Amino acid sequence: MRSWQIGKRDADLERELNSDLELEEEEQRERGLLPEEARRAALRAFGNPTLIREQSHLAWGWGWLEDFLKDVAYGVRSLLRSPALTAVALLSLALGIGANTAIFSFLDAVLLRNLPVQEPSQLVLLGTGSWSGISDSWAATELYSYPFYRALQKNNLVFSQAASIFSMMLNVHGTVNGRDKTEPMNVQAVSGTYFPMLGVSALIGRTLTDDDDRTEGNHPVAVISYAWWTRSLARDPNVLSRKLKLGSTSFDIIGVAPQEFFGTQVGQAPDIWVPMSMISQVPPGWHSYSGQRDESLYVIGRLKPGVSLAQATANINLLFQQVWLSYRDEHVTQKDLADLQKTHVPLTSIANGLNALRDQFSQPLKILMALTGVVLLIACANIANLLLARSTARAREFAVRQALGAKRSRLVRQLLTESLVLAAAGGIFGIILAIFADHMLLHMVSTGTDTLPLDVSIHMRLLLFTLTVTVSTALLFGTLPALRATKLELTDALKDGRSSAGTGTKTPLANSLIITQVAFSLVLLAGAGLFVRSLMNLNNVDTGFNRENVLILNPDPSSIGYKDDEPRLNALYRQMEQRVAAVHGVTAASVASFTFHEGSWNGTVTIPGIDPAISSDVKHNVIGNDYFKAMQIPLLAGRTFEPQDTAASQKVAIISERFAKLYFPKSNPIGRTYHIGGPNSPWEMQIIGIAKDVKFQSLDENTTTLDYLAYSQRHQYIDDLVVRYNGDQTAVSTAVQRAIHSIDPNLPITHVYSLDEQVSGSIVQQRIVAQLSAFFGLLAVFLSCIGIYCLMSYMVSLRTNEIGIRMALGAPRSSVSWLVMRKILLLVGSGVAIGVPVTLVCSRLVSNMLFGIRATDAATVTGSVLGLLVVGLLAGWLPARRASRVNPMVALRYE
Amino acid sequence: MSSMTKQAQQRVGVLQGTLDMLILLTLLYGPAHGHQIGKHIQRTTNEFLQMQHGSLYPALHRLEERGWVSAKWETAPDRNREFKYYRLTDKGKKQLLVEESQWKQMAEAVARVMWPAGEES
Chain A
654 MRSWQIGKRD
664 ADLERELNSD
674 LELEEEEQRE
684 RGLLPEEARR
694 AALRAFGNPT
704 LIREQSHLAW
714 GWGWLEDFLK
724 DVAYGVRSLL
734 RSPALTAVAL
744 LSLALGIGAN
754 TAIFSFLDAV
764 LLRNLPVQEP
774 SQLVLLGTGS
784 WSGISDSWAA
794 TELYSYPFYR
804 ALQKNNLVFS
814 QAASIFSMML
824 NVHGTVNGRD
834 KTEPMNVQAV
844 SGTYFPMLGV
854 SALIGRTLTD
864 DDDRTEGNHP
874 VAVISYAWWT
884 RSLARDPNVL
894 SRKLKLGSTS
904 FDIIGVAPQE
914 FFGTQVGQAP
924 DIWVPMSMIS
934 QVPPGWHSYS
944 GQRDESLYVI
954 GRLKPGVSLA
964 QATANINLLF
974 QQVWLSYRDE
984 HVTQKDLADL
994 QKTHVPLTSI
1004 ANGLNALRDQ
1014 FSQPLKILMA
1024 LTGVVLLIAC
1034 ANIANLLLAR
1044 STARAREFAV
1054 RQALGAKRSR
1064 LVRQLLTESL
1074 VLAAAGGIFG
1084 IILAIFADHM
1094 LLHMVSTGTD
1104 TLPLDVSIHM
1114 RLLLFTLTVT
1124 VSTALLFGTL
1134 PALRATKLEL
1144 TDALKDGRSS
1154 AGTGTKTPLA
1164 NSLIITQVAF
1174 SLVLLAGAGL
1184 FVRSLMNLNN
1194 VDTGFNRENV
1204 LILNPDPSSI
1214 GYKDDEPRLN
1224 ALYRQMEQRV
1234 AAVHGVTAAS
1244 VASFTFHEGS
1254 WNGTVTIPGI
1264 DPAISSDVKH
1274 NVIGNDYFKA
1284 MQIPLLAGRT
1294 FEPQDTAASQ
1304 KVAIISERFA
1314 KLYFPKSNPI
1324 GRTYHIGGPN
1334 SPWEMQIIGI
1344 AKDVKFQSLD
1354 ENTTTLDYLA
1364 YSQRHQYIDD
1374 LVVRYNGDQT
1384 AVSTAVQRAI
1394 HSIDPNLPIT
1404 HVYSLDEQVS
1414 GSIVQQRIVA
1424 QLSAFFGLLA
1434 VFLSCIGIYC
1444 LMSYMVSLRT
1454 NEIGIRMALG
1464 APRSSVSWLV
1474 MRKILLLVGS
1484 GVAIGVPVTL
1494 VCSRLVSNML
1504 FGIRATDAAT
1514 VTGSVLGLLV
1524 VGLLAGWLPA
1534 RRASRVNPMV
1544 ALRYE
Chain B
18 MSSMTKQAQQ
28 RVGVLQGTLD
38 MLILLTLLYG
48 PAHGHQIGKH
58 IQRTTNEFLQ
68 MQHGSLYPAL
78 HRLEERGWVS
88 AKWETAPDRN
98 REFKYYRLTD
108 KGKKQLLVEE
118 SQWKQMAEAV
128 ARVMWPAGEE
138 S
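Residue numbers (the numbering used here), protein chains in the order written: chain A, 654 to 1548; chain B, 18 to 138.
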């Protein structure tokens, strides 16, 4: 039934009653009665019109709806009668539901949501997707070469289709044809089979096909994303006639991807897809199309129907062995072959995307989800307590209503409606809160200037989730008080609404709610303590370099035509270093491949007399002469690179302390040589210096084995220009960029950031967990305090009479306060007694997320317990004071 | 919901079957509006059923809901005003037969209890 129908039929009934009533009246008048009397007689003959209307409604089957609307109206009125309680309840609910919704929307975006492609559950990835970059290691299982992908595509028996994705996003400064300025574009190189395999067809034009990917270098075509089409081309309908210039090659735009398709990597949204066959022409010009050992691709496959993951894994591993055996050459050792035999390629389902974010955030998000779940439970307990107190205070009202004939079921339903109204309002506030919170969270997760391309908007699944939470909350806290409120002895409650007789059963439930709240709060508070202290420990880690007063810039010469192996690239870098070093306020400037948390180039080194098995994982950093000065990394021995180290002179290297200790334990490494790669590689390096160990990829890593190479002896793109400065960062940054543009005004600078931002960005995950868990911990404590306060206030008001008598009999004020405080101590104490073991168990679950602190850290737990006690007592202090101020005369007269 | 209907049934209770039947019977003579129906029932029962007109309307609406009568606003021939006229539907006619026979059975049953056969003969 629609409400407008109700209105219509109601009006109809009204009209019918009126017309018949008038008729009756007329007849009465015709019988000779006076108009007034006639009217009264007519009404008498008719009976109660309201009753008629109600009974007619019943006949229409609308009774329930009418009752419901009445209950809602009544509920709203009665909630508004106690605004403070309603506000607290709404706040608790909104925060509880809002936090849950916000975290869940993140969880969904990062962990749960399927890729918007055909049958995503059939998609698998070779390896786990935890690397990205280029490897030349023997038989890596995370990254694959293009020839490997082709061999696998041809020979496997388990995939209906296979595709590959270049593991690095190409951040290019390209030009839209007809414009004179370059703009940043995120380009993803994929195999021609990528779109067909995913079953994604173009919104406009066509997608890439295998034909675009068969021969190297002659298919300059690009598919653009819907977002980029909107952002950069203003949804130009003639998009297919437009071109893009990436590097020196002009690409035809052949299609626009559908709006929902953001690629296959959650948290990365390519603007442009190009075929792998064109990769060497897209800056920075990786040559990853032909080399068997250029392992730089993710390989994904679509399982044939009916093929299990185990079958697929067996077949792929067999193939893996065969392909790699065919890559054997004279450098491959017996050990390599033995390693290959032991190598196992795991297959990972990528139904919800290839996901670097998942590694980083899945555990934090799960933890946060658990935290917010607990917060919601605490909020519910709080509300249950509030309503419990309220409904007990309303015992008289219910008794009167029951005495007047209201049925228990009717009262229960009315109370439940009231709870539903509350929960619905809380849910709405919660959703609004969640929208804000999500934006805030997204901002918190995104390091650097760009917001992470993650769709965390509210959607149906999320709405359903919130609705479930809301309704179950309503039922949870609605049922208890409702059942309790109506289960009363009528006569007792009517006789004295205020005595303790009618409330005898109330306290245990309320008490246990408080105890649970305190226990949960302790868990959250201690967890927050652990995370916050981990974060502090991380912040205090000695990085080995000075993170203050350093700017990092990313110039992009590849986008303006500089090639990887041209000598003029080095000339450009040298010129940049010199011009920037001359800027006022700059004390040192040097290019470097990496500073901190920027990935790595790692590989094997061959050291005479050292077992190659332990020298397999050395990280290399290519730097300029002033790098150590710019980073303030102390040189422990030898010298740094100098102008006389050139492409023509002996190749030299500086090694880290750890490198020296590991490979030259007993001798002075200065002057010794080693090879990067195998013993026959052309890279024979002479050690000229030893630098202090530094943190390289993360603050919590073990010491890295590292060597530094001079860019003057290599020709390659180098990402960073490291600038140490004094004075104002903004002024220096502007001056430095101007200095770079004085060399070439067209040289794009992709990013400018500080080393300090880079370091703090590396612990964004820990920071978010620490901040949010602290927030939720405090929220939990706050909610518990409200719970304690309400219960105690209620208890005091209930026992005013008793307190009055005690005081009249000579009890001092202090002992009255003690009455209240004792109860609080008892409640908090019990909560703590339960909470401590739970905390110890829970904290062990997150021990791998802690840094520099043990999960069972006594100080944290003790601190949390003390904190809880203090705030608990504070919460009880007001009611206790009110109790001690009870005027015995007033209290006694009251009854 | 269920408790609600139960409540309603109890309230209309004893009278319901009878009232429904009386209304249907009244309408057998032709369409009539609420006031006429009420008056007719009162007259034909010789004012025996002291009912308020008002209780008629919920019953009328219930019958309409069940499809036993249909209703339409029409101008009364004697007064120049519109009234809501009720008509017996085919379904209503069948229902009247059912109720009649049920009532008969019940009346006979009650009669047998009240005045056992022996007394009569």
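These are calculated hints, taken from the structure and not from any lab test. Hints are supplied without guarantee of correctness; some may be wrong.
What the hints assert, rightly or not - What follows is a list of derived Cβ distance ranges for each label pair:
no., chain 1, residue 1, chain 2, residue 2, range
1, A, Leu718, B, Met131, 43 to 53 Å
2, A, Glu667, B, Leu42, 21 to 31 Å
3, A, Leu1116, B, Thr35, 31 to 41 Å
4, B, Thr35, A, Gly660, 56 to 66 Å
5, A, Ala1077, B, Leu42, 48 to 58 Å
6, B, Thr35, A, Asp665, 48 to 58 Å
7, B, Thr35, A, Ala1077, 38 to 48 Å
8, A, Asp665, B, Leu42, 23 to 33 Å
9, B, Leu42, A, Leu718, 24 to 34 Å
10, A, Leu1162, B, Leu42, 51 to 61 Å
11, B, Leu42, A, Pro688, 46 to 56 Å
12, A, Leu718, B, Thr35, 22 to 32 Å
13, B, Thr35, A, Ser735, 19 to 29 Å
14, B, Leu42, A, Leu1116, 51 to 61 Å
Stated by the list, open to error - To be clear about the criterion: a stretch of chain A counts as covered by chain B if any three or more of its residues have a C-beta under 8 Å from a C-beta of chain B, and this derived list gives those stretches:
no., stretch
15, 664-670
16, 703-710
These numbers were taken from a predicted model, which means no experiment stands behind them. Just so you know, even glycine gets a beta-carbon here, dropped at the ideal spot from N, CA and C.
ask   = Does the hinted range 51 to 61 Å hold for Leu1162(A) and Leu42(B) at CB?
value = At roughly 59 Å between Cβ atoms, Leu42(B) and Leu1162(A) fall inside 51 to 61 Å, so the hint holds.
message = Quick check on a hinted range of 21 to 31 Å for Glu667(A) and Leu42(B), using CB atoms only.
response = holds, 28 Å
task = Go ahead and decide if the range 46 to 56 Å is satisfied by the Cβ distance of Leu42(B) to Pro688(A).
result = At roughly 35 Å between Cβ atoms, Pro688(A) and Leu42(B) fall outside 46 to 56 Å, so the hint is violated.
key: Supplied distance hint 56 to 66 Å, evaluated on CB atoms of Thr35(B) and Gly660(A)   = violated, 33 Å
query = Is 48 to 58 Å right for how far apart the beta carbons of Ala1077(A) and Leu42(B) are?
reply = holds, 50 Å
key: Asp665(A) and Thr35(B) - C-beta distance against the hinted 48 to 58 Å   = With a Cβ separation near 26 Å, Thr35(B) and Asp665(A) fall outside 48 to 58 Å, so the hint is violated.
request  = State, for the Cβ atoms of Leu718(A) and Thr35(B), whether the hinted interval 22 to 32 Å holds or is violated.
outcome  = holds, 30 Å
ask   = Is the distance from the Cβ of Leu42(B) to the Cβ of Leu718(A) consistent with 24 to 34 Å?
value = holds, 33 Å
query = Is it true that the C-beta distance of Thr35(B) to Ser735(A) lies inside 19 to 29 Å, as the hint says?
reply = violated, 50 Å
Asp665(A) paired with Leu42(B), Cβ distance criterion 23 to 33 Å = holds, 25 Å
ask   = Falls inside 51 to 61 Å, the C-beta gap from Leu42(B) to Leu1116(A)?
value = holds, 55 Å
task = Closer than 8 Å, Cβ to Cβ, for at least three residues: run that test on the stretch 703-710 of chain A against chain B and report holds or violated.
result = holds (count 4)
The structure is inconsistent with the numbered hints 3, 4, 6, 11 and 13, although it conforms to all the rest.
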